[in-house]
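In order, the protein sequence lines correspond to chains A and R.
Residues in the first sequence are numbered from 162 upward in steps of one, following my numbering.
Residues in the second sequence are numbered from 162 upward in steps of one, following my numbering.
A couple of the hints might just be wrong.
The list makes no distinction among identical chains, and a pair is therefore deemed to hold if it is satisfied within one copy or across any two copies.
Lysine-lysine pairs mimicking DSSO-like chemistry, simulated, CA-CA at most 30 Å apart [unchecked claim]:
id: 1; residue 1: Lys190; residue 2: Lys220
id: 2; residue 1: Lys218; residue 2: Lys329
id: 3; residue 1: Lys329; residue 2: Lys238
id: 4; residue 1: Lys218; residue 2: Lys238
id: 5; residue 1: Lys329; residue 2: Lys194
id: 6; residue 1: Lys194; residue 2: Lys220
id: 7; residue 1: Lys329; residue 2: Lys220
id: 8; residue 1: Lys220; residue 2: Lys238
id: 9; residue 1: Lys329; residue 2: Lys190
id: 10; residue 1: Lys218; residue 2: Lys194
id: 11; residue 1: Lys238; residue 2: Lys194
These are computed hints drawn from the structure, not numbers from a lab.
Remember, predicted model here, so these are calculated numbers, not experimental data.
Number of protein chains: 2
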Amino acid sequence: MVRRSGRRPGNQDTRQDILAAAREVFAEKGFDKASIRAIATAAEVDPALVHHYFGTKEKLFLESMEVPVNPAELVPKALAGPREEAGERLTRLVLSVWDSPAGAAAVAMLRSAMSNDWTARLLREFIVTQVLRRAITELDMPRDEAPMRASLLATQIGGLAVVRYVLKVEPVASADPEILVRAIAPTVQRYLTGEIT
Amino acid sequence: MVRRSGRRPGNQDTRQDILAAAREVFAEKGFDKASIRAIATAAEVDPALVHHYFGTKEKLFLESMEVPVNPAELVPKALAGPREEAGERLTRLVLSVWDSPAGAAAVAMLRSAMSNDWTARLLREFIVTQVLRRAITELDMPRDEAPMRASLLATQIGGLAVVRYVLKVEPVASADPEILVRAIAPTVQRYLTGEIT
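Build out the structure end to end from the sequences listed, making use of the hints.
Okay, here's the thing in structure tokens:
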């Protein structure tokens, strides 16, 4: 296929403009307060076009962050089943996503979030609204404890990512996933359902 | 005091040259394999001068990383006392250092290590040789378990730093340190002395 010029087709440009505007608005206002309307305004397009290209606000958010997996499917799947094994299943899921080819994008995002406040805000919005909030719903956590449990969970899961994939401290960096599941799942389980005060 | 030109006095330049060379050699070879001689060669000075300015290799390492506290004093202090309270004391120590003005430097280092492999190697050397190795000695851990325990410890302590100071996920970001000690110390204790397999 030969194009007349180096310029991408118009609708591709529009898509990219919308995604760039979405990243900006989500980082600035947070996921909950960002609206399709505000994103459309920032991209100088009609809101209907945003809906047409991306569907829901959530789908737009995931696309704008180039998330290679769908937390809406994965998190409930990991947490379904006996409550006392949720920590084990969640730890195993996280390792299987990160150890997969899709994991490289997640690690790149984490690296970037460390040195860039804007990316940090996007990542925090992703962790809170797409992962932790779903975990809270799935496990039917008491509402007053949920935010603390969720952010404690983030300390252990985030720290595992940093040590295994970024700093590469051995033996965690090269350990078989099941060894890490046995070591770390009890922590994840306690943050999800155990004693934390 | 008025100087003739903008150039710093000769010995200041030499100190800075040695520190720059030290960062390079420590990152490349790791703490254990880096020698004062190799650092002196990289800085194009006599090894005796390196000893004269910085004393031991360890002191040179801490100065080259601009570490504002001395792990050789802090870690044994935190881990002295009843073994079953080591997790609590270590968690409290870590939070008190990071919450202090000195903590800003540690957070800057962590941020930088995420986006820069060279800084990541330096930070890993610092964590392993200055913090984890001392913790292993103080607690007299079984030698075959020590590396895994130490790097698991790094996942929880590192993750706490990332969530509280870099990503700033609430409520962990603003929580009173003692609330975090109660929530996280049992994890630290388990990685230090409990069941991990």
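Going down the list of hints, with the structure as the test:
1. In the homo-oligomer, the alpha carbons of Lys190 and Lys220 lie at most 30 Å apart inside one protomer (17 Å), although the nearest pairing across protomers, at 46 Å, exceeds that limit.
2. In this homomeric assembly, Lys218 and Lys329 come within 30 Å of each other (Cα to Cα) only across copies, at 24 Å, whereas the closest approach inside a single copy is 35 Å.
3. Proximity of Lys329 and Lys238 under a CA criterion of 30 Å is satisfied in both settings, with 29 Å inside one chain copy and 28 Å between copies.
4. Taking the closest pair of Cα atoms, Lys218 and Lys238 come within 30 Å of each other only inside a single copy of the chain (22 Å); across copies the shortest separation is 51 Å, beyond that limit.
5. For the identical chains of this complex, Lys329 and Lys194 are inter-copy neighbours only, at 18 Å across copies versus 37 Å inside a copy, given an alpha-carbon limit of 30 Å.
6. Taking CA atoms no more than 30 Å apart as the test, Lys194 paired with Lys220 passes inside one copy only; the shortest distance there is 15 Å, against 50 Å between copies.
7. Taking the closest pair of Cα atoms, Lys329 and Lys220 come within 30 Å of each other only across two copies (24 Å); inside a single copy the shortest separation is 32 Å, beyond that limit.
8. For the homomeric pair Lys220 and Lys238, the shortest alpha-carbon distance inside one copy (19 Å) is at most 30 Å, but the shortest distance between copies (51 Å) is not.
9. For the homomeric pair Lys329 and Lys190, the shortest alpha-carbon distance between copies (15 Å) is at most 30 Å, but the shortest distance inside one copy (34 Å) is not.
10. Taking identical chains as interchangeable, the C-alpha atoms of Lys218 and Lys194 lie at most 30 Å apart only when both belong to the same chain, with a minimum of 11 Å there against 53 Å between chains.
11. In this assembly of identical chains, Lys238 and Lys194 lie within 30 Å of each other by CA distance solely inside one copy; the values are 28 Å within and 47 Å between copies.
Of the numbered hints stated above, none is contradicted by the structure.
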